[in-house]
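2 protein chains.
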Amino acid sequence: MSVEKWVYGYHEVAAAEDHLDGDWEAVRGLLGGKGANLGEMTRIGVPVPPGFTVTTRACNAYLATGEQFPSGMWDQELAAMKEVEEQSGKEFGAPANPLLVSCRSGAKFSMPGMMDTVLNIGLNDETVKGMVALTGDERFVYDAYRRLIQMFGSVVLGVSDQPFEHVIEETKTANGMKDDTELTADDWKAIAARFGEIIKEEAGIDFPQDPYVQLEMSTEAVFKSWNGKRAIDYRNAAGIDHDLGTAVNIVTMVFGNMGETSGTGVAFTRDPANGEKVLYGDYLMNAQGEDVVAGIRNTKPIAELEQDLPKAFSEFVDICARLEEHYKDMQDVEFTVEQSKLWMLQTRTGKRTAKSAVKLAVDMADEGLISREEALLRVTPDQVDALLHPQFDPVVKATKPLLAKGVNASPGAAVGQLYFDADTAERMAKEEGQDVIMIRPETRPDDVHGMLAAKGILTSRGGATSHAAVVARQFGIPAVVGCDELNIDLDDRSVMASGTLLREGDHVSVDGSTGEVFSGKIPTVHPRFEDQGDLIILLEWADEIAYQEGIRDLPEGSPTRGLQVWANADYPQDARRARAFGAKGIGLCRTEHMFFEDERLPIVQRMILSKDETERQTALDELLPFQRADFEGVFEAMDGLPVIIRLIDPPLHEFLPSFEDLLVDVTQLRMDAKRVGTDAGRTLLSDTLSAKEKMLGEVEGMRESNPMMGLRGIRLGIILPGLIEMQVTAIFEAACNQALKGVDVHPEIMIPLTGHVNELNAVQPKLEKAALRIMREKGIEINYKFGTMIEIPRAALTADQVAETAQFFSYGTNDLTQMTFGYSRDDAEAKFLLEYVEQGILPENPFQALDQEGVGKLVAMGVELGRRTRPDLEVGICGEHGGEPSSIEFCHRAGLNYVSCSPFRVPIARLAAAHAAIKRPALVV
Amino acid sequence: MSVEKWVYGYHEVAAAEDHLDGDWEAVRGLLGGKGANLGEMTRIGVPVPPGFTVTTRACNAYLATGEQFPSGMWDQELAAMKEVEEQSGKEFGAPANPLLVSCRSGAKFSMPGMMDTVLNIGLNDETVKGMVALTGDERFVYDAYRRLIQMFGSVVLGVSDQPFEHVIEETKTANGMKDDTELTADDWKAIAARFGEIIKEEAGIDFPQDPYVQLEMSTEAVFKSWNGKRAIDYRNAAGIDHDLGTAVNIVTMVFGNMGETSGTGVAFTRDPANGEKVLYGDYLMNAQGEDVVAGIRNTKPIAELEQDLPKAFSEFVDICARLEEHYKDMQDVEFTVEQSKLWMLQTRTGKRTAKSAVKLAVDMADEGLISREEALLRVTPDQVDALLHPQFDPVVKATKPLLAKGVNASPGAAVGQLYFDADTAERMAKEEGQDVIMIRPETRPDDVHGMLAAKGILTSRGGATSHAAVVARQFGIPAVVGCDELNIDLDDRSVMASGTLLREGDHVSVDGSTGEVFSGKIPTVHPRFEDQGDLIILLEWADEIAYQEGIRDLPEGSPTRGLQVWANADYPQDARRARAFGAKGIGLCRTEHMFFEDERLPIVQRMILSKDETERQTALDELLPFQRADFEGVFEAMDGLPVIIRLIDPPLHEFLPSFEDLLVDVTQLRMDAKRVGTDAGRTLLSDTLSAKEKMLGEVEGMRESNPMMGLRGIRLGIILPGLIEMQVTAIFEAACNQALKGVDVHPEIMIPLTGHVNELNAVQPKLEKAALRIMREKGIEINYKFGTMIEIPRAALTADQVAETAQFFSYGTNDLTQMTFGYSRDDAEAKFLLEYVEQGILPENPFQALDQEGVGKLVAMGVELGRRTRPDLEVGICGEHGGEPSSIEFCHRAGLNYVSCSPFRVPIARLAAAHAAIKRPALVV
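Residue numbers (our numbering), protein chains in the order written: chain A, 1 to 925; chain B, 926 to 1850.
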């Protein structure tokens, strides 16, 4: 029976790879990340200190068999040490030219600080002397020796650090010293001797002088550390399997502090802040690695190494280029020069800022280092997001105490003065030119004018899909919502949080990307999309990849082109912005927001409260020109691209004063009326009262127990056909007017809230008739479609029937999520949903990331059934999820034609769509 | 080429049946219902006047070819006349012994009064004389003659009746007569002559003296009448195909008014009112058929015919028995005795009352006439319904003017005095012993005590699933809801409708079966289930058929037993009632209704408003004994049967005062506080105000935009675990206590509103632990299950996951319908749903009959997915639909184990379940 190979020298990594059929993941699993990487560097000829790896399988075998080295392992380790001796020209335990090694853990996945290390193995009372002779630096050698004893004590023997540190403190105090650096060679020598005594006292054994015993016990200690409490806790938190085991790396020690031809440093192969192609890093001459990190001495920029050690520098530059070439990415490396000889100690993919991620990706693709697909995968949607929103200066922000933390509803940083109502906020912004932060317990549609005038929005109630959040994202205004630590006193116009009282006009800084709120002003940086050439290039690549024939694996007959990104935009300026961000159409233009504008709302209210058809028609006739003008602007902005316009959706009582306010007014007026003295006063009051009572009656008649599921959308269209006919008239008049001017218009009329195909059958033919009439009147034909939102579960369940009438589907996944879960989002997020996510009952807030198992099942069913009836059915999504990467990936798989999201999320969605396409490559041709 | 057979003599019906492979439906299609039936009677030897049928195909051919008789038809008709002459021994057109025939339409489906008839064909100026000689009754013969001329004029020639009637009126006026019966033979003779002149004047032709011309023109007229306006309108309304055509029946005239050995009558073969096995009918000697119906002369009971015409009577009794034997059902027959010879003119299935339908079905099955399956199919669920509720005396009711009409929400008749609020209603019922009708615009949970004390409930708002309706059905209280003609003035304590003003204490009569409301008292009849032996027997048969192995065609591995009927019952008395009605379990015992009772509500409110855990636990501890006692009663009542108890479902704010009331109170108190003069007054007011303000704040904090989709059900259980733990403790203590007394308890704990299996995973294990603890403490083991409602679409979509934890499913199709349609039932029914049904957008109110295409798809998916995980999963339905026949049939097909409905609907559901089983017989063994 041949014995398993438990030990791989770094020069043998190729053998491991052969053994594992070139499966690099399996190699990393067997050798751990560190071992595999050092082996890989060795393989490509990068100078790595000689060493070897004991496999993770050896660790698992050791742990499984009651802490026995598996058969043959120790012999293999001894043999490997012989090879290391040969490679290094040094000898383990030989005082003349002693080989020193480190023993470190190295698991498949990095577990920083969670696993143990012993350095300087090989030192003992004899080899110490040889080292002193060799280096001429007694202080360094005894410091190294005491470090070995201390680490061995704590890592291998479980002796606490405390008695060791106590000895060092004692020595310093006795000599009136403050810092370790002041300790002399003799001090360290004495300390090392004291450390040996501590080992004896605490662990009951002598510190082992035999280097092989040191090695054996250290190897065991690393194995055992896999099941240490810290390691288990970390793995639980990070979701790492407990049965992977750790490898053990035994590596020749090299020292950067061996005189003036030695040094050590860390570097990035390119600039991690901006992505420029220059080496970026620091080094110290005659120093150890930890000195660079500790910042005790001032480091030098890496470029100066050329002067200090020209040969080593030139080799280093070569190696960096080679590593980038090999790993196809920017590397973060550690190196040591020991007496002019360069050693590379580590290489790994370098962390980077969002800006540099984009530049690196584009540059490397241009250099031919990576493919465009790979370049796209190198950038995360979050990084694109970060690039598009104002950011606080991180240095200043770190110094500010947190005032409160809420839901990060709309990203970006905003600084401004607090105002407690929409009118004041708008006035201060427009008339006083202030930067305004509007703060409210929660917002309503009639707060929108104030929100639009504000730089930032802050609420104490509501979640990530509350009104405030949705509007803020729509308009790219930073917002923190549901921040319940804020105690808002609207009467006093003040807010109390973390013991600080802020009054109207006080400055606050709101970080919508993190949910943090600070008092006072923090400086911000404002990136602009148009200025970001690299991002623009990258997203062009994204579009090419996301939207091409055969990019998806869909049933036969399904449309095979990929996923486009469209935008939700209600106004011409939104549409222009969306187009600038790369939107390929408008997936949702809401017609009712326009109703809230100052000069329109009274007409809308007259329309709602009209006593008869004539009065209603008069009001509708007055609204028509407003709507037409809005649509004309949107069509013009989207020349050549489709525009989906949704007919009115919300219940009409949203356009009337609130029931509660009226109830209070009426109650007060009734009491006043009883008390008033004069006849004139009585008359006056009685007129006001009866007007208010009338309005109260109207509003009460329209109130609903659950307005979300009440008289809205197409139901309204059936009960009140004149309103949507006016809207369709306005749309087609606008479209025809623009078409006559040469604009290429593609209106698609979307009917909301369909639950039964008969609802569509009841309204759509009438609307189409109106459309045809207008085109006839205007003497021009335009391309148009009539379709429906799919946001009621029943519509998805019966999509085959719905598609008989609807020419396109647009999933309203906000409402579909509400109905499918039975969650009223206004109530749920505040009352239990965040708690659910916290308790792990739901993996994520389903209003942020589409619930693929439940809601997604309905989406997929609807697509499949709909296309069964109408194979070329256009299907998109226009809920909040249209801008969320995991949901976009789902939409790609489900075979949707587009996702539509807020203009500000278009770039993010474009990247996410490309990611989806790359991750699930073409299977249908 | 052989010519098609267009004409069938009645003796040839067997030939038609052979021709059509014994397909009786096709025979009826070819010969029409009347022709087929007369042929069938002829075939079994019943004396039917000789005659024949011209087929519907002939009619269609005639109409399709521009009103040409198809080739050969008229020759066949002439040949058939020859046969009739032979059979009758009379001769068509021969004055000596003239054959007279009628010509009537007869389509496949009865179209009463919509088609045309000509009688007495064959009379002319010559044959009239022969008839006079033959009968010796000149008056009768000339009356018959003028009838022929008049009918021929109107039916064949399109002359209006008006000039004919005018002549008769003139004659009577001239002779000072009032009634047709006073006209003499000479008068009729003169009138017949005048009628001939009218024909000439109006139609421009002489009345045809040739009997064959009469016959030909009458046949054509009947053919044409198929496309007459009346007939088309009727078919459109009744949904009858327009291409069926009508047959033409030519039948020998027989006369019951040919002297003292002649007579005519109608009879049922059994008593159609109570089902007794006695002949039931009337006859008149020496009279025509229409005289019996017209009620001009007093008819005699059929039994007396034995004296008048013993031989004919004995033959009639025989024939009735033979017809029942042949048609396997009670028959409604018409007969004529012409000069001692009995002729049967018609037989059809007799209409019957609900009571008699049941008795007939049971008797006929006992007699072996029909199978038990057939017996069950003879009774409709509506008939069972009618048998169980008080009914108004129909005679008195017909005399009362209707006050208003609303939604027939809970069946039955109720009479009582009007009261406008729950407290007064309860007081008047309990203290004054009055029969109370509680009237409200709509009801709320805190009105329930008044509703329970009332005999009937009346609301002006809400639909068939409004609170009032649901509670009323639950407790079997007649109710009319959504009766918007009622103008209720709560302040004035009066209601105005149809111009009548009713005040508190006035009497009204409410018919919950029809939705009618009358002012004043109408006497009622009260049937009792226990007294209805036949119904009890029939429903036992129903249970045997509905619930047996292999009764359903389900996928392999599915449970193959049929559908049981369980009941929804919250209190012991409900459970006893349900059991008496034959429920095989409790499918839904709601625990929260108990919270509204007077002595409990304050504790519940304390629990909700508690500041800390201790306070909350104290309140919960106080509630526990109440809940336990309720459950003990229910378990005792259901000894041996399963009881599903649902943990608390509604949002907690339902147990607190209404926000609007508090807002008004607080507003008033605040104004008062500003004005009050004395310090003492101020203190008093300020205490009241701050208490009210506190409550207002609490209620406001709990308010939800869409409470239907808010913090309720299992969500409450997760946020507030103590409450459901108390409930589970109470259930298991009650179950153990009863088990220790020897009661066979089967509690099943149902968790409402699950949307994600993780919700169940978060609460169910804790509850099971509590259950085990109590069983250990009590020292007894009981059978129990934990399961969930499926009422959230997501739960149905992911039922495979949910079934990993849930041991049973119960579909809450009320909520499932709400979520699947996105309809808030409180809002939808009032605002648009009834309109939808009226416009035909929805075929039915989906809250009454389960929407099988949409909601049903989710139900079926959930069953299939759930049983994939847990093949023996118990699945039932406990929504309102559980008592609705079409929904029950769906549940049978979907493979449910039971339907659960209100106790009063249990008998109906038992019959419906049997119908479902019979209609979809066993396919899986």
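Because the hints were derived from the structure by calculation, they are not lab data. Just so it is clear, CB atoms sit at the ideal spot from N, CA and C, and this is done for glycine as well. Be careful, since some hints might not be right.
[Said to hold, decoys possible] Only pairs whose alpha carbons sit at most 27 Å apart, straight line, appear in this in silico DSSO-like list of lysine-lysine:
no.	chain 1	residue 1	chain 2	residue 2
1	B	K1266	B	K1280
2	B	K1330	A	K611
3	A	K224	A	K189
4	B	K1599	A	K692
5	A	K857	B	K1782
6	B	K1617	A	K692
7	B	K1236	A	K674
8	B	K1103	B	K1225
9	B	K1617	A	K674
10	B	K1097	B	K1054
11	B	K1330	A	K405
[As the list claims (entries may be wrong)] Here are some, though not all, of the chain A residues that point toward chain B, as calculated from beta-carbon distances under 8 Å:
no.	residue
12	D75
13	A79
14	N706
15	M708
16	P721
17	G722
18	A762
19	L797
20	T798
21	V837
22	E838
23	Q839
24	Q852
Going through the hints against the structure:
no. : hint               : result
1   : B:K1266 to B:K1280 : 36 Å, violated
2   : B:K1330 to A:K611  : 26 Å, holds
3   : A:K224 to A:K189   : 31 Å, violated
4   : B:K1599 to A:K692  : 23 Å, holds
5   : A:K857 to B:K1782  : 13 Å, holds
6   : B:K1617 to A:K692  : 25 Å, holds
7   : B:K1236 to A:K674  : 91 Å, violated
8   : B:K1103 to B:K1225 : 26 Å, holds
9   : B:K1617 to A:K674  : 23 Å, holds
10  : B:K1097 to B:K1054 : 24 Å, holds
11  : B:K1330 to A:K405  : 58 Å, violated
12  : D75                : 50 Å, violated
13  : A79                : 53 Å, violated
14  : N706               : 3 Å, holds
15  : M708               : 4 Å, holds
16  : P721               : 11 Å, violated
17  : G722               : 16 Å, violated
18  : A762               : 6 Å, holds
19  : L797               : 5 Å, holds
20  : T798               : 6 Å, holds
21  : V837               : 11 Å, violated
22  : E838               : 11 Å, violated
23  : Q839               : 7 Å, holds
24  : Q852               : 11 Å, violated
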